[in-house]
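**Q** Protein chains in written order, with the UniProt record's numbering: chain A, 1 to 334; chain B, 1 to 334; chain C, 1 to 334; chain D, 1 to 334; chain E, 1 to 334; chain F, 1 to 334.
Keep in mind the hints are simulated off the structure, nothing from the lab. Since we're looking at a predicted model, the values are computed, not measured. Ideal Cβ placement from N, Cα and C applies to all residues, glycine included. Any given hint could turn out to be false.
As the list claims (entries may be wrong) - Residues of chain E clear of chain C, computed beta-carbon distances all greater than 10 Å:
id	residue
1	Ala-25
2	Asp-58
3	Ser-67
4	Ser-100
5	Arg-169
6	His-188
To be verified - The calculated lysine to any residue pairs, modelled on SDA-like cross-linking and capped at a C-alpha distance of 25 Å, are:
id	chain 1	residue 1	chain 2	residue 2
7	B	Lys-71	E	His-288
8	F	Lys-21	E	Arg-106
9	D	Lys-21	A	Glu-29
10	E	Lys-149	E	Ala-126
11	A	Lys-158	A	Asn-49
12	F	Lys-21	C	Ala-25
Protein chains: 6
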Amino acid sequence: MSQIITFGEVLMRLSPFGNKKFIQANTLEFYFGGTELNVGLSIANFGGNVKHITCISDDFIGDTAISYLNKFDLDTTAIVRSGRPLGVYFLEVGAVMRPSSISYNRSHSAFSSIQPEMVDWESALADGSWFHWTGITPGLTQGSFDTLKEGLKLAKKKGMQVSADPTYRSGLWKYGVNAKDALVELLHCSTIFIGGINEMNEVLGTEYGYTNEEFIEASKLLMETFPSIEKVFDKIRTSINASWHKIRARMWNGEEFRETQDFDITHIVDRIGTGDAFAAGLIYGLQHFDDYKSMDYASAACALKHTYEGDVNYATIDEVTRILDGNVSGRFNR
Amino acid sequence: MSQIITFGEVLMRLSPFGNKKFIQANTLEFYFGGTELNVGLSIANFGGNVKHITCISDDFIGDTAISYLNKFDLDTTAIVRSGRPLGVYFLEVGAVMRPSSISYNRSHSAFSSIQPEMVDWESALADGSWFHWTGITPGLTQGSFDTLKEGLKLAKKKGMQVSADPTYRSGLWKYGVNAKDALVELLHCSTIFIGGINEMNEVLGTEYGYTNEEFIEASKLLMETFPSIEKVFDKIRTSINASWHKIRARMWNGEEFRETQDFDITHIVDRIGTGDAFAAGLIYGLQHFDDYKSMDYASAACALKHTYEGDVNYATIDEVTRILDGNVSGRFNR
Amino acid sequence: MSQIITFGEVLMRLSPFGNKKFIQANTLEFYFGGTELNVGLSIANFGGNVKHITCISDDFIGDTAISYLNKFDLDTTAIVRSGRPLGVYFLEVGAVMRPSSISYNRSHSAFSSIQPEMVDWESALADGSWFHWTGITPGLTQGSFDTLKEGLKLAKKKGMQVSADPTYRSGLWKYGVNAKDALVELLHCSTIFIGGINEMNEVLGTEYGYTNEEFIEASKLLMETFPSIEKVFDKIRTSINASWHKIRARMWNGEEFRETQDFDITHIVDRIGTGDAFAAGLIYGLQHFDDYKSMDYASAACALKHTYEGDVNYATIDEVTRILDGNVSGRFNR
Amino acid sequence: MSQIITFGEVLMRLSPFGNKKFIQANTLEFYFGGTELNVGLSIANFGGNVKHITCISDDFIGDTAISYLNKFDLDTTAIVRSGRPLGVYFLEVGAVMRPSSISYNRSHSAFSSIQPEMVDWESALADGSWFHWTGITPGLTQGSFDTLKEGLKLAKKKGMQVSADPTYRSGLWKYGVNAKDALVELLHCSTIFIGGINEMNEVLGTEYGYTNEEFIEASKLLMETFPSIEKVFDKIRTSINASWHKIRARMWNGEEFRETQDFDITHIVDRIGTGDAFAAGLIYGLQHFDDYKSMDYASAACALKHTYEGDVNYATIDEVTRILDGNVSGRFNR
Amino acid sequence: MSQIITFGEVLMRLSPFGNKKFIQANTLEFYFGGTELNVGLSIANFGGNVKHITCISDDFIGDTAISYLNKFDLDTTAIVRSGRPLGVYFLEVGAVMRPSSISYNRSHSAFSSIQPEMVDWESALADGSWFHWTGITPGLTQGSFDTLKEGLKLAKKKGMQVSADPTYRSGLWKYGVNAKDALVELLHCSTIFIGGINEMNEVLGTEYGYTNEEFIEASKLLMETFPSIEKVFDKIRTSINASWHKIRARMWNGEEFRETQDFDITHIVDRIGTGDAFAAGLIYGLQHFDDYKSMDYASAACALKHTYEGDVNYATIDEVTRILDGNVSGRFNR
Amino acid sequence: MSQIITFGEVLMRLSPFGNKKFIQANTLEFYFGGTELNVGLSIANFGGNVKHITCISDDFIGDTAISYLNKFDLDTTAIVRSGRPLGVYFLEVGAVMRPSSISYNRSHSAFSSIQPEMVDWESALADGSWFHWTGITPGLTQGSFDTLKEGLKLAKKKGMQVSADPTYRSGLWKYGVNAKDALVELLHCSTIFIGGINEMNEVLGTEYGYTNEEFIEASKLLMETFPSIEKVFDKIRTSINASWHKIRARMWNGEEFRETQDFDITHIVDRIGTGDAFAAGLIYGLQHFDDYKSMDYASAACALKHTYEGDVNYATIDEVTRILDGNVSGRFNR
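Isolated chain A (complex conformation) (with noise of 0.2 Å):
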């Protein structure tokens, strides 16, 4: 009945150490991650019950990537496998000016052979109460983007939470589909709104502003325009360069408006994942908090993820916690 749904491609990410280019390596380290992936990794470490579907290869990376899901105890049952390969990612790690850069291997991957038939999704939605999904998965191919409606239909009409990250990425939507007609019609299946000035843009066809008062207009107008949707939260990242961030928050639940603390993160261990760390927060936080300390929550979460290696947030809700109450100086835990 309390189980949460993420639904998106899982990657491997292959990165040669710390700031090395492939050009200088011969060895790399390997994750596996995808930003659905990340948040119910992220939920499940917080100790939440998530269920991830997806399609990955029938074959020993396959294995291996079922393996690494079971690590963190998430549920796996409704994976569905194919002849296809595992979708991968090329990544190097940037420093300070120097931005990170990534290639995909992904266009022909298992995932994207996916088709709204094999999935069951009355069975794999048998005990969810909340469904998280982002605009990367409508953006891959006409099967992902059927087979994640399929999905939201049945989870609106069941009354479940349903949390939409609507990032738009230009690399991708090569497929036919017009990219804003497809987030809308997802958002009328949405209840909460992971998103900023951008996102709200795409979709509205507007041209807002980065301001605290636009926000609040664009988060008005995106709350007309989608009845379904009750709240809007937007993380904002400064970037110092690509070694130092600060990240705060604010948010819009149609009726206040509130902003967190910024979050200092002098040296980034690894930026990846870190929205998607913020969502799970979200997600976690509303499940247990009021609006406002759930957004909080969900800055520390993010903030926090920024000094774990890999896809995905380690963090738990004691230390994620702990950061809340003001436990930033980071002195030893024995």
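Assemble the complex: chain A is given as a structure, and chains B, C, D, E and F must be docked to it using the hints.
**A** Leaving out everything else, chains B, C, D, E and F in the frame of chain A:
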């Protein structure tokens, strides 16, 4: 005037260290390989002038591949780039009775998008005297088959030597062309056959056994069927287990049968690319030695390759010659 | 109804890379193992439904151990936690005539604090059909002996199969109980004896030699002395040196004597847990095959384990079967 | 006549690379450390003559520890061995707002078995002029407390300088002795107090605040209460977060109060052992410089330690002096 | 016609990982570098056509160096070989207030044996339009000074641009020639001066200070003294500590003075070769841009180099341009 | 009174991991070695009291070497330092028929600068009872030859035992002295000859063959020619290939001929220093056992060394003795 041409896919090889499985690992080694490339690089290490023709990805992984080939002083000027990702293969290295396992991610790779019009064969073969091909390339896609065919026809027209390693791999040939028909067509452009009973039976539709007598019979029939073929070289591998092999070779050059001694490879370091090292030794040998010494050179090169990590044979002409001179005790070079 | 139960300590294994000694190293590899756990994980890899019962530390090392077990899809629901640290063993891997060396840090470990009241055996064995124990557990502490005894009594009462690997290790049994007395008591709850002449002489107080004839005699006496025991399986290891072993097995099932072929393991990758792989193969086999095929399966599983790094046998049922079908040459799986 | 004596447990430190958690790792780095040992090794690196007294395991891990200490040219002749294992601690290194975490496996270690009769203090202190102790040792077991007490009494009788770092750690003191009573008894044998307001409040039963004025008041009361104590040195750490600290120090030597500049450690490499480096700098300093320069030297040594991996300060006297001379820009030494 | 020529020693750099000292390590990373080579490789990465001239060892280390240079598609055809070993330098990387330390093993290296007759300058400079030299080469041996001088004379005669980085390093100049005299002689062949107040004072025998006004004065005097010099470029480094630098540049081109913004390098990855990256950026820039944009390009290139491991700047022209366009926040490239 | 003296160069060994070539690598392992040092360290590991005399560099590499020797509790008090760099050798490890390759960088090393006046032989040999030398040292430079000669003369005068391993290496002896003349002069100070037919033929100018009979003849002639020599020990290595050797030994002690069994080293881990381990075993043995047991001990020590990584034999007296007692099956030490 004396350039050796190799044509085929460049793959990134990803493998855990030692005998680990992916499920046990979080770090990998990577190399670049591919059967025809391995032949080319091995010949370059012998001191030959080699041009490799291929299509690789237009990202930092493709840049890394080019840089890797440049290390060997290979002519990379005819390489074309594609927006598709580089092909990848995953390798788990076995031992004793445990076989190594491979999983491919190549079916929509940069090379799989190659089409005849992407290669300027006239220019590419301008200085070519030898063209080497294998049964992998025509088995990938219609485009790779057609592109190879066009190259081979020009090579034949120019009177180049053409060596064929018509390995049949059952995991390929998914795109609609019959393997035997394709290989037969390509063999008619070829002058040197590198293969054994299985390969001859495959293209002849026969069922010869493995004795020397039947090898000679099969070779004679092959040379009747394919009049362009002048010589047949067969490498025979005896596998005690995955860690211990013996290698020998035999040949029929239209006039005489010869076979080599056994090379006893008691502690295999890396088995990948050992057949390619045989082909490379043969191609290099036939340009410098008589048939028998070429076969001997090829066998010694093949044996030596088992002692190098990665897909490429690093042996120089001096090192192979030292083996042929009987120095197999592995004493120090100071 | 068909769950296999294993009960015993989980140890962290710490070892330098390759054949290095600690005195030469500053980095280590770690694994989790333990003789009964190894049996359980190996059966899980064959596809069996396994529950492992143990007591581990309540810190991030214990969390890591749980996560490690989850990778294998083992039932970890009956595991209890303790404020004491997880047991550790340090391993230096030998080669040729140099033996491997082990040093233990386990005498005040989490598991050593186990007491019968900490395990709810009724619930733990609810779905159990098979219980496997070894001579290590009763040799640790009074509490571990008592806890095991209670579990075995319930298993006997429920009519479960009980396999015993009554290895006697002289470094244990420091807490005041006589090894022979304890093992005798536990064997009276057991149905399958996995052990050889040394183990039978130990519990019978006899001095049989190693011939097949004496093995049969000893087995008969054992089965008279312990009427619950139905079958005896003996794995015979011939050590040429630390890097090269041969394995075969023999059995007496009350009616017939059989022995297997020799498996020649010319290049050992990791010897730890190979006996456990034999036991696992046997337990899995006896649930699916006849006695002789089970012994053959167990021997092949044991041989294969020598090719995996770490304590666990990763071989699947298909991989073991391939060995039994005679495919021991280690050719590629593509 | 001029040997510095340190007495305390030697622990093996096990830690994943970089900022990884154990749950993400399969390889570890190891070091040997322990608060009193760190002080001793750091003084040895300054060029001091140091003897470390401890009890370590009688296995290859203990041999490795001895070999490690020998690297630093420490006097290890008074070390005794035990059949119990060496103590271990596991470390996960945090960053920014994530604290580092430590889990200990030391409660039944070789050192925890130490008893007064195992150390021949007369012989061990024969050439001793200085004895350094910390609040860790008396907090471990009755035996370690008693052994330390015996050593300190002899040191006092011989008129040696005795420096005390009476850190109170709440995870210790489980064996039945009251921490305050024990520390008070030991402080009566001590001449130099290395600690701040918290430590003074602990042993005085007071509640002084952190201002310089209160520090002076507390120091005066301390020196009244413990007439053997001549000087108080306090290291003040300001933690911006786990990756960025500032260090300064202050002192009261019975006559004057002084404090040092701030050392700004913007990119911490390894925080472990930095307090020990301060103590080592002070002990070395007080043997060669006046009080104020000693405190300055200690602060610079402490700051430098943050830049070395592992528990030990590798800084030489020249390197510390260079910092004191104002060369903190980190230009190359060629 | 447009080849850039660099001439100087190739050194193997050997360094422990991270901030480890050799005394803590048993593994090393290696790179190849050398100040003039770094300039050449950096220009090659910008897309320039570069030939590096040097003398390297005639062993497998020399082969490895050649292979390393080939990765960058550098023209290595003018490299000569020697029976002497390749020069080596050992590096310990500092942090915060700990400086990095370097120890050289180069005084009898392959390059130190170079003599004018070993380089065929006519042929080597056949396509050359630019020659870059530094103060390291003439400081090594009489032979290296003479060989450089001969090259520069020919470059001057051919009307090539000649850039000089007359760094004076006190550890060199042991062979009997006066540094100032040598540098003066070489500067009379040069057209671009890359250096600051220290370098100008060194060759002018003056004592100018560091203000912009004095920089202009010094530059004017320099250009009077060395009429061939047309422009002076000065890179100014502000070291907060070993981990945090700021970079800016200034110039006097005979007509106007300009200076760049500060680049704030808050988290240095590798400081080696950053000055060389400045020179490379300048040389590349002056061939494509005006003076001011060239200086800006050089500064951005220098700043970016601090983010790459090893001696070489991997930045492409696009990446440097992006920095100049103000994209310094390090957002992802996907 | 009973100190064993070794004298010779300490070299840093640099080698890629496993069987990689430098051209494939970017990381290395390093060790310190040198034939006489290896002998000394091996004897120290047996428990002997050893002093090594050498000259090393006065930089952090030299400090690291000293720290390395200290690990073994070797007497390093007679080591002198030089401004020249430490000698280095680069190693590529072969396998099967591929030989290992070595390249030296030692001709202007710290040790090559040694001169008789740099060593205070009277003091250095004060407690010496045995002096070991090899043919490497006199082959390096006039200074190293002269220094050794002076030491040996004093050793002879003091009546010390002197063991000679007069290996002739053709890459040395470049400085003007005739190898045979030098070795003859040094042998006249020696009492134990460790060498075979080749070494005897070299110094006798004879052409004996390899049979036992000729070995005895040669030994007799050697002992006539060099009356100080009392015994001849010859280690015979049979190389199946670079990965698989057999070792046995024979001796003539003036009265009887004996030879040992074959030790079959089926999986060589590291071949470097195995001859030194033989010498060490012999020296240690002759101080504790009779001639035949000493030779047996030396052979077992030599065989064991093949199983340790690096140049040093880590075997203890117990471990060698266990081999001699027939325990060569490599079973666990727990």
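**Q** Each hint: holds or not?
**A** Hint check:
no.	hint	verdict
1	Ala-25	violated (8 Å)
2	Asp-58	holds (32 Å)
3	Ser-67	holds (27 Å)
4	Ser-100	holds (21 Å)
5	Arg-169	holds (34 Å)
6	His-188	holds (53 Å)
7	Lys-71(B) x His-288(E)	violated (29 Å)
8	Lys-21(F) x Arg-106(E)	holds (23 Å)
9	Lys-21(D) x Glu-29(A)	holds (15 Å)
10	Lys-149(E) x Ala-126(E)	holds (17 Å)
11	Lys-158(A) x Asn-49(A)	holds (18 Å)
12	Lys-21(F) x Ala-25(C)	holds (22 Å)
Violated hints, listed in ascending order, are 1, 7; each of the other numbered hints is respected by the structure.
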